[in-house]
Structures are given as C-alpha cells and as structure tokens.
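Novice: Residues per chain are reported as follows:
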Amino acid sequence: MDIVANTLLAAGASPAMIHSLAEIPDFTPQAQALCVNVGTLSPSWVPAMKSAAELMVKLGKPWVLDPVAAGASGFRLNACLALVGVKPTVIRGNGSEIIALSRASLVKGVDSAHGSMDALEAAKSLARASGSIVAVSGAVDVVTDGNRVVAAHNGVPMMQKITATGCAVTALIAAFVALDPSHPLEATASALSVFCIAGELGMDLAKGPASLRMHLIDSLYGLDEAALLSRVRITDL
Amino acid sequence: MDIVANTLLAAGASPAMIHSLAEIPDFTPQAQALCVNVGTLSPSWVPAMKSAAELMVKLGKPWVLDPVAAGASGFRLNACLALVGVKPTVIRGNGSEIIALSRASLVKGVDSAHGSMDALEAAKSLARASGSIVAVSGAVDVVTDGNRVVAAHNGVPMMQKITATGCAVTALIAAFVALDPSHPLEATASALSVFCIAGELGMDLAKGPASLRMHLIDSLYGLDEAALLSRVRITDL
Amino acid sequence: MDIVANTLLAAGASPAMIHSLAEIPDFTPQAQALCVNVGTLSPSWVPAMKSAAELMVKLGKPWVLDPVAAGASGFRLNACLALVGVKPTVIRGNGSEIIALSRASLVKGVDSAHGSMDALEAAKSLARASGSIVAVSGAVDVVTDGNRVVAAHNGVPMMQKITATGCAVTALIAAFVALDPSHPLEATASALSVFCIAGELGMDLAKGPASLRMHLIDSLYGLDEAALLSRVRITDL
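Residue numbers (my numbering), protein chains in the order written: chain D, 80 to 316; chain G, 80 to 316; chain P, 80 to 316.
Incorrect hints may have been included.
Since copy identity is lost for identical chains, a pair holds within one copy or between any two.
[Claimed, not checked] List of simulated lysine to any residue pairs, SDA-like, C-alpha gap at most 25 Å:
id : residue 1 : residue 2
1  : LYS286    : PRO260
2  : LYS129    : MET96
3  : LYS286    : LEU138
4  : LYS240    : ALA84
Quick caveat, the hints were computed from the structure, so don't treat them as lab data. Quick caveat: nothing in here was measured; it's all calculated off a predicted structure.
Start from the sequences, fold in the hints, and give me the full structure.
Specialist: Here is the structure:
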C-alpha cells in the first residue's frame, strides 16, 4: 500500500485505502476510480472487493483489477475469476498472471487444451472473453482490447527488483482511466509509459533498487511534458 | 505503519504495533502512550481499539486518536465517535476530519445546524464536547483545549504528497504526551513543530516527495536543539 | 512486509506474502523456504502459520520463525510456543524474545527457576529443547545448535533505528537456508553477516536511519564477493 499510495500522490491523484465491506456503500460513490488488488488476499476481503466493483459498474465508473499471483492457488484464482465476472475496465498483470486467468476463463474452450499460449495471445483471449482492456507487464508492456494491440516500450529491468511496482502501476492506470474513461486502452498505455519513463529517469540517479524506488517517485512527481514526449515509445502491433 | 514506526524510532521512542484484542490486557500496561489510528479500519479492530483506549484511561496514561477519513463513511464516523467517547488525551486530524467529528459530536446542538463551521471553530467545539486537546493539521497547524488556541507555523506543502505523514505526526504526539502528560496542549504543539521542522530541513535536500520522506526521517533523527530553536514558530491565537 | 520483500528481492530471492489458510495447500509446496513472522499477530493467522509450517516439515523443506515480541503477551507467547512445536529449522530473535521463548519452553525444567539466564544460555537451551538452530541478534549476533556457537560480528548500531530490519534478516535467513538446507547453522550465520555487511556499506553513505535503509538495500543488491570477504567476521565461540 505504501508505494501504491505514494505513486498516486506523486502523480497528483488522491488515494484512499478501504478494506471493509461496511464502508463500500458510503465510500465507493466518492471515488472516481477503483483499484482492486488481491495481493495479500484474505477470504473476508473478497465480498468487499466484489461489492465495491459492482457498485462502480452500477455507477458507470471505471475499475481496475490487479490479479496478483492469480495462478498461485485455487482460492486466489477463483477470487480473481469472480472479480473478472464483474467486468473490470482494465486488468493488469504479468505474463504468468494473465495466462493463468485467461486459461481459467476459457477452461471449456479450445485454447485451454493447449499449453502453449503465450502472454499476448492469453491477453487477447482474456480481453475478448471478459470485455476488459488487458495489460501485460514485461520487458515490453502490451495492452489490448482483444483486437487492437499497443506496445509500450519504456522501463528498466531493475524496476522488477522493487516490491509492488506492478501494484503501483495498476493503481496509476486507475487514475488515468478516471480522467479519460471513454478511452481505457489509451489511458492504460499512457499510465504504463508514464510510470516506466519515471523509472528510466530515476535509473539515471539510482545505485540500486531502493534508491531507484525513491528516484522513480520523485521523477514521477517532477515529470514534465517535454521529458515525457522525448522519451515515450508506444507503438501499434 | 512503516513511516509511523520509523518516525517514532528516529525520535527516540520505541514503537510496537498491536492489532489483536487478545493482546490488550497483557500488552497495553507496558506502553507509556497509545496511538489509535483508524486508517484501514476493519470491524474486528474496533473492539481492540476501544479496549486498549479504555485500559489506558483506567491506568491514567495518555492516548491519542487519529480519526483518518472520519467523514468518509457512517461506519468510520461511528467508530471514531465511539473512540472519542473513551476520552482521548489528544485528537489530531485534518480540517475535514475534525469538522466531520465535531458536527457529529454536536449533532443535537446548535452548531450542527450550520454548514459554515470552519476547522478552528470545529476544533474548539470538539475539544469542549470531548474534553480532549484537538489538533488540526493544515498550512498552519492549530491546537486547542477549547479555550486556548496555539498555532504551529512550521512545515512545507510537499509533506502532504507523502502518504501517512499525518499518521506519523499523530504517533509522535503520543510519544511527546507520554513524556509530559500534564501538559498535553504544549506537548502536542511541540510534536507538530518538531515533525514540521524536520520536514523543512528535509526539504532543503529533497528533489521530490520520496526523497523528502527520507530526508525528513533523517533530519528528525539528527535534530539538535539549536536547529529547533532557530526555526520553531509557535504562537498563541 | 515492505522492507522484508525488498530485502529478498535485492538478494536475488523471490518473495511472496500469503496470509490465508485457504492458500496454504496450493501455495506452500511451491516455496523453497517459509518465513513465519508473528509481527502484527491476529488470532486468525495462527492456524495458517501452523498449517504452512507443518506442510514445509512434511515436505522436508526449511522454515524459519521470527518470534517478534514473544514475551509481550500470553497470546503471543502461546502462539510462538505452538510454532516452536512445529520444529522450525531456525528461530531468530533479539535477546528478550529468545529469553522469553526459552524460559517458557523450559517452564518445568531447572533453568526456568532462575531469573538470570542470559541470551546466549537461553539460545543454547532453546536450541536443545526445540531441535532448531537459534540466532540472537545484538551488538554481536550469535547462532547456536545447542552445542556449537558461532558469533557474527558485523553490523552498525543505527540498523536498530529502522523498523523491521530484524524481520528482514529473518527472511534472508530463510532464503539462505533454502540454498543450503543441510547446513542451517552456517547458512544462518552467513545471512546475518551478509545483511550486516550491507548495513556497514550503507552506513558509509547514510545521514540517518532512512537513508541507511535505502543504502543498505542498495548495498545488498550490489554486494560482491570481494567486499564480502574483506569484511566478514564470523568466529567460533
């Protein structure tokens, strides 16, 4: 939660962290976007997550799912699948998470019989099955609505040595989608680029993952349009 | 919890973080002060919070309440009101939180009929209704017992771009009140000043909110009397 | 969890943080080592901790216990004793924690009648009673199997001003024991030395506890064999 909240603050958003089902009816309508992260999942959190997501959908507001370690247990996979059923605007995960979700979503389909699905194909299948924009983080990030595929090429490998950078960028996607809810694919690709460019700028000053973490957040806070435009590399695939 | 515990350690205090009701009877008597923070509130935590606060009152020791986002939901407001009923030594919040608590505490009184209560008036009303010292964080921090009002003028705006700086200073207030329990207003104003002066010193070295966070804690650790005395700006209002 | 996960990532390990009993059967077999930390203990976590530890023992894999504040409450001490009963490969605590655990483990024995047990004697007694390697952190760290005692002399005092450095080194012990499960005493002493040498290297650049935290993790990430070998001080007692 720490790096997630600090990322959002640095980007100009206003984070609030809510766990309890009892707060969903009052609090959720005040939010412009919701980020559901199943990181250290407890059974009691699942109803709160579902309830908040359902309320956002009912209110016509965006919500974003981070299916952390979706394939690590049946409990976690089932919780993620139930959340995918609530139609997230965007799902962002790493390759393994998206492949796990995609296979489970398509368990009765053709693709699931094959072990060879790569992350991009999994993302496209999951996007078509769920109606969500699906983003896969990696050396190159890809974002797809099931047909169109956009690749975001920024970032540095050392970002993977900082815990919860994936969680942080998922929350940033929620903030970007809140500002442009009718273009979730573009908003998602932009959020991934901005976060990764902050990582590149931070890497110029970093001596290791802990100083990278600091310089990344500082760079995100100080990011100006010129720096962004000179570095951004988003392409259609 | 991370920045809260590191703030306390940097200031020379010994933090311990306890969640479970089962530990209150054994652990609470070992503490010189208690800080209750309703940040990511869960229903099961409320009885533990109340029980710990009640035990501190019974033992004649100070306890401090941080009513995080008190107005964000009925559940949260009710939990905060129940805690205010256990007579905190100090309540510290931002303007919105103190206004929300004050209005709800006075719901049958005159002031609650007016929408125009500002944070200072809310703080004074809440202090009189609760018997607590009330501190409101803002561009200028104010501390009141309902009659006397003290303003602490230190700090830098970027501290608001770091998650949980408010939580950290509330915990620091608890540590200061533990050292001088018979002067909670002065101890509260001192803690706010010391934390904000550490922020000013940190700001001289910071390039953004993440490096400010680091330099603030380092400055708090290294703070000496001369630096404090040359910078402190506390006034009576 | 933040500094623990970042420590493991910096050292080249792959951390995952699991709370729920529902995930133990699926997830635990995927881990090469388990670290159980009772930090902010809740009653509902104890069965998950026990279940995960029992499964690791059944699978013949190492697990490490951090009995945080073991003596602070009866609830916490009983939870720790129940976990000691599941035969941790290593137990790492500070002097107070190891003394509390050792006394409680030996409550019907001779030693428990004496109040004078020091941390080293407590560690040896606990190691003999539990069959675990026991490590005591302090100005000099000691590691014992009940007979042999090894002392690790690296480290800087300011590391104690950073919250959860003890938790971080316990997790690092788990990672080291995973790589050399048949030499848990040596692996434990090595992990303590490596973490403390990273602290020494970080201290050369630090201006306070928050920058030490950053430089420690950076140094751990960048540590090379030459720096290690020139600094390591492990002796037999």
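Novice: If a hint holds in the structure, say so; if it does not, say that too.
Specialist: Status of the hints after comparison with the structure:
no., hint, in the structure
1, LYS286 - PRO260, "neither (38 Å within a copy, 32 Å between copies)"
2, LYS129 - MET96, "both (15 Å within a copy, 22 Å between copies)"
3, LYS286 - LEU138, "neither (45 Å within a copy, 39 Å between copies)"
4, LYS240 - ALA84, "both (19 Å within a copy, 9 Å between copies)"
Figure legend: structure checked against the earlier numbered hints; hints not met, in rising order: 1 and 3.
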